[in-house]
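K.L.:
Residue numbers (full-length UniProt numbering), protein chains in the order written: chain A, 1 to 289; chain B, 1 to 289; chain C, 1 to 289; chain D, 1 to 289.
Among the clues, some could well be false.
[Unchecked claim] Subject to a maximum C-alpha distance of 30 Å in a straight line, what follows is the list of computed DSBU-like cross-link-like pairs (lysine-lysine):
1) A:257 x B:257
2) A:284 x D:208
3) A:257 x C:257
4) A:257 x C:153
5) C:208 x C:284
Hints in this document: simulated from the structure, not taken from any laboratory.
4 protein chains.
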Amino acid sequence: MLGYMPKTAVLLIDCPDRRGIVAAIANFLVREYDANILNADQHQDVELGLFFMRVEFSTENTACSEDQFRQVFASLAGEFRMNWRLIFATPPANVAVFVSHYLHCLADLLDRYQIGELNCNLSLIVSNHEGARALAGFHGVPFHYIPATAGNKAATEKQQLNLLAEHQIDLVVLARYMQVLSPSFVSVYPQQIINVHHSFLPAFTGAKPYHAAFARGVKLIGATSHYVTEVLDEGPIIEQDVTRISQNDQLPDLIQKGRDLERLVLSRAVRWHLGHRILSYANKTVIFA
Amino acid sequence: MLGYMPKTAVLLIDCPDRRGIVAAIANFLVREYDANILNADQHQDVELGLFFMRVEFSTENTACSEDQFRQVFASLAGEFRMNWRLIFATPPANVAVFVSHYLHCLADLLDRYQIGELNCNLSLIVSNHEGARALAGFHGVPFHYIPATAGNKAATEKQQLNLLAEHQIDLVVLARYMQVLSPSFVSVYPQQIINVHHSFLPAFTGAKPYHAAFARGVKLIGATSHYVTEVLDEGPIIEQDVTRISQNDQLPDLIQKGRDLERLVLSRAVRWHLGHRILSYANKTVIFA
Amino acid sequence: MLGYMPKTAVLLIDCPDRRGIVAAIANFLVREYDANILNADQHQDVELGLFFMRVEFSTENTACSEDQFRQVFASLAGEFRMNWRLIFATPPANVAVFVSHYLHCLADLLDRYQIGELNCNLSLIVSNHEGARALAGFHGVPFHYIPATAGNKAATEKQQLNLLAEHQIDLVVLARYMQVLSPSFVSVYPQQIINVHHSFLPAFTGAKPYHAAFARGVKLIGATSHYVTEVLDEGPIIEQDVTRISQNDQLPDLIQKGRDLERLVLSRAVRWHLGHRILSYANKTVIFA
Amino acid sequence: MLGYMPKTAVLLIDCPDRRGIVAAIANFLVREYDANILNADQHQDVELGLFFMRVEFSTENTACSEDQFRQVFASLAGEFRMNWRLIFATPPANVAVFVSHYLHCLADLLDRYQIGELNCNLSLIVSNHEGARALAGFHGVPFHYIPATAGNKAATEKQQLNLLAEHQIDLVVLARYMQVLSPSFVSVYPQQIINVHHSFLPAFTGAKPYHAAFARGVKLIGATSHYVTEVLDEGPIIEQDVTRISQNDQLPDLIQKGRDLERLVLSRAVRWHLGHRILSYANKTVIFA
Chain A
1 MLGYMPKTAV LLIDCPDRRG IVAAIANFLV REYDANILNA DQHQDVELGL FFMRVEFSTE
61 NTACSEDQFR QVFASLAGEF RMNWRLIFAT PPANVAVFVS HYLHCLADLL DRYQIGELNC
121 NLSLIVSNHE GARALAGFHG VPFHYIPATA GNKAATEKQQ LNLLAEHQID LVVLARYMQV
181 LSPSFVSVYP QQIINVHHSF LPAFTGAKPY HAAFARGVKL IGATSHYVTE VLDEGPIIEQ
241 DVTRISQNDQ LPDLIQKGRD LERLVLSRAV RWHLGHRILS YANKTVIFA
Chain B
1 MLGYMPKTAV LLIDCPDRRG IVAAIANFLV REYDANILNA DQHQDVELGL FFMRVEFSTE
61 NTACSEDQFR QVFASLAGEF RMNWRLIFAT PPANVAVFVS HYLHCLADLL DRYQIGELNC
121 NLSLIVSNHE GARALAGFHG VPFHYIPATA GNKAATEKQQ LNLLAEHQID LVVLARYMQV
181 LSPSFVSVYP QQIINVHHSF LPAFTGAKPY HAAFARGVKL IGATSHYVTE VLDEGPIIEQ
241 DVTRISQNDQ LPDLIQKGRD LERLVLSRAV RWHLGHRILS YANKTVIFA
Chain C
1 MLGYMPKTAV LLIDCPDRRG IVAAIANFLV REYDANILNA DQHQDVELGL FFMRVEFSTE
61 NTACSEDQFR QVFASLAGEF RMNWRLIFAT PPANVAVFVS HYLHCLADLL DRYQIGELNC
121 NLSLIVSNHE GARALAGFHG VPFHYIPATA GNKAATEKQQ LNLLAEHQID LVVLARYMQV
181 LSPSFVSVYP QQIINVHHSF LPAFTGAKPY HAAFARGVKL IGATSHYVTE VLDEGPIIEQ
241 DVTRISQNDQ LPDLIQKGRD LERLVLSRAV RWHLGHRILS YANKTVIFA
Chain D
1 MLGYMPKTAV LLIDCPDRRG IVAAIANFLV REYDANILNA DQHQDVELGL FFMRVEFSTE
61 NTACSEDQFR QVFASLAGEF RMNWRLIFAT PPANVAVFVS HYLHCLADLL DRYQIGELNC
121 NLSLIVSNHE GARALAGFHG VPFHYIPATA GNKAATEKQQ LNLLAEHQID LVVLARYMQV
181 LSPSFVSVYP QQIINVHHSF LPAFTGAKPY HAAFARGVKL IGATSHYVTE VLDEGPIIEQ
241 DVTRISQNDQ LPDLIQKGRD LERLVLSRAV RWHLGHRILS YANKTVIFA
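Please model the entire structure based on the sequences and the hints provided.
P.N.:
So, in structure tokens, the structure goes:
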């Protein structure tokens, strides 16, 4: 009986821009799977001559699986030189959250998870401090304390990577995690690590951005969520937001107002990633939201 | 030689939502016109079961005209029960602006027109006051003073309608025009009259919205641009924006801050309309921006 | 020894606007208490001829108490016909939070309380549902389940009022509490009950504002925190915020985006109230933030 | 008879923070001039131990002039080591606007001037292009074309400075003026030259900020108005604003959306400066708005 329930999937594509792509994909899905296209969005990068598409569709064709799709889609994908991914709605992604001292982003993500905003399994919370253990426990998420002492970065990261592999983690969220990940760590999870930086990037990269913003006398402060790449604070930006400050706002006020921004931009990035709404290329992102 | 230059056109469609629409349209454009789809956006209203699409395409097929399109598209349009419009990029729309005392929106529109932001012929400025004559003259736009004395509304509107017909006006912009248009006037230009109301609708409908906002003690004031329908302030909303106010802002400050919003929401609405980026249905708008 | 520690207090004043008020108050505080004025803000309502002031000061004068202040300030207060309140920084206010089904505002307030954003004792969580019990327990805040069955409103409110009295509650926060409080309940806590309404008031008063916003086709949705008065949704507005929506946002998206606004406007209102930064008059608020 | 009309003046003060300042100033104004304090705002920089105040007052005392004030205020100013300025509401400031190719900020300022938003004499428009001549003429503002050919900067600036001196200019507004002013020019008008930079400073300093923002893939673009100092783009920030962009926005869209920000942040800065609402120190600004 289950075989007759429609499956929902997202197809993400990028390829050189050419006439006929939209029609070709729409035809393919209807012809092969009698698919119902629930949502289709595309984007062209005119300058680079690239085409991006996100198609969400449902089908009652029980044959449709990732392997089977790969076979029947191969010829079309080759013809248009597509990079593509097909993601079925179930099972949801496994997510690990890394935190340090500040827990407001974690608490926010956990509450959103609780009320159903985040379509995932929150599998794991990892921290170099003990502070988050109780919160993790309350939400029933396994907590792992992995201290980050100087000189043991390689060992620490090995331990972390083992945990991630063991839990088959699909997405790592750095929710104000104050350690820099090594390039070799990052290379294991390309476009699968999301960080929140507490400034409006590219302004105020590096440490203590609120201090820097306060010193420069800006009239708005910001926060940025982005994919982590080898170069700190330089990965593709997913989301940014800002809020107004005034001379009445001292440094602690900036930090407090900034927390509100951090919660928002990080949770939006995580939700969009989990909904397969982000395509990343040329150090930019296309958001199908 | 001109025949070989690619033509650019926008196809706007709404119809009941059904699988296969996107593919059918894309196929049609490629098959009939070897069209290059420059941009395609669609939207579903899940609740009402409606589908909306905007396709911008170019073609070198010299046969492509509105009449010829109507013929070859008829069968497909019938099959999917489409409402549709095809608009060629040239010639641009003819626009009339109606104003009264306050000229900031007019001055803003004229400057945007001057620097090429508005793809139209600004054909006509109509006012029930003489105040705009010099500004119109400076920009070389014909100005018509039509007084609006009590009891002569029908005569006034007849004069206005004659002017609009004579100039083949496609869009009427009410840029803080303080007279209410009669239903019979409005019915001549459905979805072709854009008004700016100086509040965040549906709050503070009617006269003196800034006074009402001040009295209620709101913390943000807004402005709204919308298509004009028979019922005052009730037409489909095109754009809204807000700005923060504080207790330091007295009524004149609200009015001054509000002007900034009025300029923005009206000019965006006009630009989107001229770019055929608005589809209106069920007293709402879909914006393909 | 404690006597030598400086005390911090906030003096809130409103009175008819007259020349000499600022000087009179500043002189008084320096003369009587050798006070250090940490912060002084004032506001005039020109139309109503009213003057508002918030002065935050510290003093090492051990004589300074509320009773003693009342005596020595009496003559000045009488001369200027002041309404005034003196609030010492310690002890902090006792706060009760009322909730129903939706717990995102409560969870947000609890996290902010945890990290020190809210200067208060969170004494009590009251709900007509059991859903918040675990969350309250985790944060160590007493939880009281008081069912709200039809026809027992008077009894329910009596039980609630008894609890509030028993815990000497200074502020009641309605964090998406879905029951309407009776005028007699409200009259016990004038300007001491803060509600969050999930619309940009005065648009969409009453039930199901997101549904109404969706139906009207607005381009921004909002949320409002306000003091509760006898008339539903009509009390003095404390804070409002909005966020942009698009045609891609269905009703559940409005509700989700709205939750972010509700958390922000409610927590700001609570924080300002606890910092004695709000003066309310003529159904408006003056915010000294 | 004129002597009995109340004069309005603004007193701007900065000095080391000390108890008693507010009372001392308020007492002085009442005692000396029987002044009516229309508005008083103060700000403390806690870190630097500085105090800032803006007092707007009216008086019917005909003796009150800048010279007389200097004499009677000397002792108090000395006691508190104040920097101070007294500015009478009349006559308004003389303003010169410098422009190059892009005229949207100039057009915006002229319209605001026309409708009374800017309390000044717009005395002079200077450009290294002829493009603004007609616009200046329409508004009746003298226009001076001063070409900026390579190698003649010193001569150009001398010509400009002569013009400014001749017209007794109090404020120079760089409304997208594409030439860099020399340090010696800037030193003649400290805190009297306002520039608009088309980015959210400190991000994207230097030339072509919209190109840089587009390349980096930011999700918001900004604009900044600031006082000009010797170091390009490093002066005290007066106002900033941002707007959201998406992948649909190509470079021309960024430039178009950016123009809206430029108009807003520049006009606010000019209005605040003309209202004597800006105090600048330590490369920051305090805005009494």
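K.L.:
Determine for every hint whether it applies to the structure shown.
P.N.:
Quick rundown of the hints versus the structure:
1. A:257 x B:257: Satisfied, since the Cα-Cα distance of roughly 25 Å is no more than 30 Å.
2. A:284 x D:208: 19 Å, holds
3. A:257 x C:257: With Cα atoms ~19 Å apart, residue 257 of chain A and residue 257 of chain C stay inside 30 Å; holds.
4. A:257 x C:153: 39 Å, violated
5. C:208 x C:284: 25 Å, holds
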